[in-house]
Amino acid sequence: MSAELITQLYASTALIVGIMLAAAGFASALGWALICSKYLEGIARQPEMRPQLMVQMLFTGGLMEAFPFIVLGIAMWFIFANPFLGAAQAAIKALGG
Amino acid sequence: MQNSFPIKPSAMSDDTTSLETTLNTGASKMLAVQALLTAGVGLAFYVYQGQLAAQAALYGGGIVMFNVWMTNRRMQTAAEIAKIAPGKEVRIFYLAAVLRFVFAIGFFILGMGWLKLPPVPMLIAFAVAHLGYLFNGQYKYVSDNEK
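For the record, the sequence lines run as chains A and B. Counting from 1, position 3 in the first sequence corresponds to residue 6 in the numbering used here; the numbering is continuous, with no gaps. Counting from 1, position 14 in the second sequence corresponds to residue 71 in the numbering used here; the numbering is continuous, with no gaps.
Any given hint could turn out to be false.
Here are the computed lysine-lysine pairs in the BS3-like style, where the Cα-Cα straight-line distance is at most 30 Å [stated by the list, open to error]: (1) Lys41(A) x Lys173(B); (2) Lys41(A) x Lys145(B); (3) Lys140(B) x Lys41(A); (4) Lys86(B) x Lys140(B); (5) Lys145(B) x Lys86(B); (6) Lys140(B) x Lys96(A).
These aren't lab readings, by the way, just hints derived from the structure by calculation.
Could you build all of it, start to finish, from the sequences and the hints given here?
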């Protein structure tokens, strides 16, 4: 496996990781914005429910953030234990390279 | 005006329930569920892939549990601050959100980069443990007929 191919694989992975993290960050921000706006609407309607709504908002936010966190985990996997490198090596070996 | 709010929190029957107590109860329940889910995934990986995969699964679930515990601590602090200076607690919320990301990244780097744990069991346990958020059990649905 040539150094050029390895460099290409790492560069492509880095690019993909960047796109993944950007999308996850955008989605997370959008999710928080929606949750917080509904929380404020809820307080405006029923101010006495503020503590309960806050707790529910935090737990719902945590659930929503699970997806960006999973994406973050996958991104870390691609960075620290790149699976494509091994797959490429196996493919080259299978081709007799 | 008729109350049209369709979701009735189970804790609402007791108006004296404080925010801290509600947070603590929810977080404890969630941590217990996450511990069970993590143990289940760890056991499954132990049976099918061996000890290292099980260790990675437990590590992945542990990251989520640590984050929940840490966030709960921050929220408790925020609730205390809100009593003294309302509005200032937002800083703690931001700090909690930032710390969650920092610790999650840090633990992933530690697990995958330094400890060389297998990433797939870690990620699967991480994803499954997040389902614990669904089981915080704070709210029950009350239909219009029941009101």
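The hints, checked one at a time:
{"no.": "1", "hint": "Lys41(A) x Lys173(B)", "verdict": "violated, 42 Å"}
{"no.": "2", "hint": "Lys41(A) x Lys145(B)", "verdict": "holds, 21 Å"}
{"no.": "3", "hint": "Lys140(B) x Lys41(A)", "verdict": "holds, 23 Å"}
{"no.": "4", "hint": "Lys86(B) x Lys140(B)", "verdict": "holds, 25 Å"}
{"no.": "5", "hint": "Lys145(B) x Lys86(B)", "verdict": "holds, 28 Å"}
{"no.": "6", "hint": "Lys140(B) x Lys96(A)", "verdict": "violated, 66 Å"}
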